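A.B. asks: Chains as they are written, first to last, in the UniProt record's numbering: chain A, 1 to 358; chain B, 1 to 358.
Heads up, some of the hints might be wrong.
One copy or two, either will do: identical chains are not told apart, so a pair holds if it fits within one copy or between any two.
[As the list claims (entries may be wrong)] Here are the simulated DSS-like pairs of lysine-lysine, each with C-alpha atoms no more than 30 Å apart in a straight line:
#1 K285 with K329
#2 K291 with K329
#3 K160 with K150
#4 K22 with K198
#5 K295 with K198
#6 K85 with K66
#7 K160 with K66
#8 K291 with K168
Hints in this document: simulated from the structure, not taken from any laboratory. Keep in mind the model is a prediction, meaning the values are calculated, not measured.
Protein chains: 2
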Amino acid sequence: MIITSEQVLSALKNVEDPDLKKDLVTLNMIKDLKIEGKNIKFTLELTTPACPLKDMLKNACLNAVKHFVAADAEVEIQITSKVTKPADGGQMKGIRNIILVSSGKGGVGKSTVASNLAVSLAANGAKTGLIDADIYGPSVPTMFDLVGAKPSARETEEGKTLILPIEKYGIKLLSLGFFADPDQPVPWRGPMASNAVKQLFNDADWGELDYLIVDLPPGTGDIHITITQSFPIAGAVIVTTPQQVALADTRKGLAMFRMAGINIPVLGVVENMAYFTPAELPENKYYIFGKDGGKALAASFEVPFLGEIPIVQSITEGGDQGSPVALDKNNPLSDVFWDLAGKVAQQIAINNAEAVNC
Amino acid sequence: MIITSEQVLSALKNVEDPDLKKDLVTLNMIKDLKIEGKNIKFTLELTTPACPLKDMLKNACLNAVKHFVAADAEVEIQITSKVTKPADGGQMKGIRNIILVSSGKGGVGKSTVASNLAVSLAANGAKTGLIDADIYGPSVPTMFDLVGAKPSARETEEGKTLILPIEKYGIKLLSLGFFADPDQPVPWRGPMASNAVKQLFNDADWGELDYLIVDLPPGTGDIHITITQSFPIAGAVIVTTPQQVALADTRKGLAMFRMAGINIPVLGVVENMAYFTPAELPENKYYIFGKDGGKALAASFEVPFLGEIPIVQSITEGGDQGSPVALDKNNPLSDVFWDLAGKVAQQIAINNAEAVNC
Ligand SMILES: Nc1ncnc2c1ncn2[C@@H]1O[C@H](COP(=O)(O)OP(=O)(O)OP(=O)(O)O)[C@@H](O)[C@H]1O
Ligand SMILES: Nc1ncnc2c1ncn2[C@@H]1O[C@H](COP(=O)(O)OP(=O)(O)OP(=O)(O)O)[C@@H](O)[C@H]1O
Ligand SMILES: [Mg+2]
Ligand SMILES: [Mg+2]
Chain A
1 MIITSEQVLS ALKNVEDPDL KKDLVTLNMI KDLKIEGKNI KFTLELTTPA CPLKDMLKNA
61 CLNAVKHFVA ADAEVEIQIT SKVTKPADGG QMKGIRNIIL VSSGKGGVGK STVASNLAVS
121 LAANGAKTGL IDADIYGPSV PTMFDLVGAK PSARETEEGK TLILPIEKYG IKLLSLGFFA
181 DPDQPVPWRG PMASNAVKQL FNDADWGELD YLIVDLPPGT GDIHITITQS FPIAGAVIVT
241 TPQQVALADT RKGLAMFRMA GINIPVLGVV ENMAYFTPAE LPENKYYIFG KDGGKALAAS
301 FEVPFLGEIP IVQSITEGGD QGSPVALDKN NPLSDVFWDL AGKVAQQIAI NNAEAVNC
Chain B
1 MIITSEQVLS ALKNVEDPDL KKDLVTLNMI KDLKIEGKNI KFTLELTTPA CPLKDMLKNA
61 CLNAVKHFVA ADAEVEIQIT SKVTKPADGG QMKGIRNIIL VSSGKGGVGK STVASNLAVS
121 LAANGAKTGL IDADIYGPSV PTMFDLVGAK PSARETEEGK TLILPIEKYG IKLLSLGFFA
181 DPDQPVPWRG PMASNAVKQL FNDADWGELD YLIVDLPPGT GDIHITITQS FPIAGAVIVT
241 TPQQVALADT RKGLAMFRMA GINIPVLGVV ENMAYFTPAE LPENKYYIFG KDGGKALAAS
301 FEVPFLGEIP IVQSITEGGD QGSPVALDKN NPLSDVFWDL AGKVAQQIAI NNAEAVNC
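Extracted from the complex, chain A is given alone in its bound form (with noise of 0.2 Å):
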């Protein structure tokens, strides 16, 4: 018996991407197929390398295969992933998709999310890129221990300057903090701010980048809707802790992305410093802020929930000497912010999806 492609192909039709709702062939995902004999090679193309679902998704390619085309088949699948953009989104030259980290509310952890998932998309091989526009408050130069560091930057041939992100644990970077001497405060009012923000994005050399997140600063000010009025935006992850105070806050962040004239997808909510545990008690879960804050706030605006951090005191040391928690491997909150990952790369390539269908 010869194995064609047409068995192996019409088998795979079998496997639905669950968030996609649709079969892998029919959403083009598998590539190169070749078969020898009864060695069947393919690859399977994601659309982001980190796909939470991606172990699941090889294994039902090979139950497929070896259900409907040969029991003894022996199937080689590589995973690759071509991580797609809004349809809206051909604006930014080279930028595929990006992601505003937001909160009405002020130290809820924002930039310890934004920093923690660049570092988690970078790790799992996504181009991936961070801009801090917090003009008043960059955290970025600290979280990546970048204090004092100055990019520079080369000219194009049409005599333009570009600056040229900071490279670090494989993101590229920029900052606000970067061009302002760390103990000057920056006294700005909104405009000058916001053009600076501008700059950011117009006027560096990004190359080419999967993801570019935005670590935005508190409130609902000049500097959001500048961002959100001059650039296509895929989506936004919004932080919140579990306090009334803070969710009120939130809320009004979050209302922001839905309102006329923004009008941008809230990817999820993600619930900071959710409880403490002592290492002495390793049972027990203190929900100093309250409990539960950050789910009821997805439940009302029908956003999904993207999981909750507890307050752990390597989180904030991460962040003061400059290494994210996600590098650590070692340490289980590594996970929590992989997973974090992996969930708003999903609900982007969902969104992305459903605007190309429709």
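Given the coordinates of chain A, work out where chain B with the ligands should sit on it, guided by the hints.
C.D. replies: Relative to chain A, chain B with the ligands alone:
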């Protein structure tokens, strides 16, 4: 032997106010001296009802009279206070001292400190007001259980409309949150926000106030510039948490007050969320966010360290339920905030006295 006023006053000249570094008679703090035989009555007029030296000074007066005048004298000392104001503080009619609660960093507890400071000052008998100047994340409505409250207004004889602050827990309150839908974001550009804040100062019927606390938004933006340039400020209380990331921003927030053209006295630094102690392990202090960062910041800027506040669930709950923890004298945390209020009031009295004397 007949006791004379001269004798009593000359005895009291031996009692020095350790803050103001002068004796009580020279400071004109002894009022209504009445002598009837061995009965000596007078009033000690302090510079703030929240004076932490109250008891100490009263005792010192008592001892001085007994020692220098008559060991068997019956001394009755009433304590009152007349809050002083900065030398250049005459511009805001009726408001003696405007105190800013600030930090470069978001979510460090500015609103928590501002609320509990206001509650503590008022509970000590000071005429206290509170302005919530956070346009994007106003917390006062939640922290005082006033969500949805709408201030009324009255017309002056000159036909000007004045907003009437809402009174709660003995404090006159105004929040930008009273003028916006609590669920709707306010994506205002900076200058609009600043104008709205100015109105809370200028177009409201504050009456007579010893202290007007202003809860500032995070950062060093439009609202900060506007307030510091438009109104006479007695001083700023700087709130930080112990992380490097927070300290970096707070440092800039503090430095802003020292900039030429702003030049506002820094009353001191409060370290919030200093440590956590689980109920089951009352001996343990978990320095989740780092240790002594606020103390080091105060030292490096040579400003007073006003104390540390632990992470305690009842503080979160007090904020979320609209009943600041300082109200509850059964909660040991209320002492923490009363102490803080005493130190702040003391620092202001010192600054005001120095300003008068030079
Ligand atoms: N889950 C956590 N456990 C321990 N520390 C945390 C956690 N999340 C954040 N932190 C720490 O809390 C502080 C505030 O977090 P972060 O700076 O990320 O908040 P933010 O929302 O970006 O603040 P801002 O509004 O000022 O930009 C940081 O020092 C950070 O390291
Ligand atoms: N010492 C503490 N223990 C427990 N919870 C606290 C403590 N201090 C503040 N909180 C809680 O942490 C949250 C943040 O505090 P708060 O709102 O006062 O910060 P903020 O600096 O005013 O924030 P923003 O920058 O958004 O204005 C609130 O829910 C508050 O109740
Ligand atoms: Mg931040
Ligand atoms: Mg606040």
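A.B. asks: Against this structure, judge whether each hint is valid.
C.D. replies: We went through each hint and held it up to the structure:
With identical chains, the CA atoms of K285 and K329 are at most 30 Å apart both within one copy (23 Å) and between copies (28 Å). In this assembly of identical chains, the alpha carbons of K291 and K329 lie at most 30 Å apart whether taken from the same copy (28 Å) or from different copies (26 Å). Taking the closest pair of Cα atoms, K160 and K150 come within 30 Å of each other only inside a single copy of the chain (19 Å); across copies the shortest separation is 53 Å, beyond that limit. Neither within a single protomer nor between protomers do K22 and K198 lie at most 30 Å apart by alpha-carbon distance, with minima of 38 Å and 57 Å respectively.
Taking the shortest Cα distances, K295 and K198 never come within 30 Å of each other, neither inside one copy (33 Å) nor across copies (37 Å). Taking the shortest alpha-carbon separations for K85 and K66, neither the intra-copy value of 33 Å nor the inter-copy value of 86 Å comes in at or below 30 Å. Proximity of K160 to K66 under the C-alpha cut-off of 30 Å is found in neither arrangement, the shortest distances being 56 Å within a copy and 84 Å between copies. In this homomeric assembly, K291 and K168 come within 30 Å of each other (Cα to Cα) only across copies, at 28 Å, whereas the closest approach inside a single copy is 35 Å.
The structure does not agree with the numbered hints 4, 5, 6 and 7 stated previously, though it agrees with the rest.
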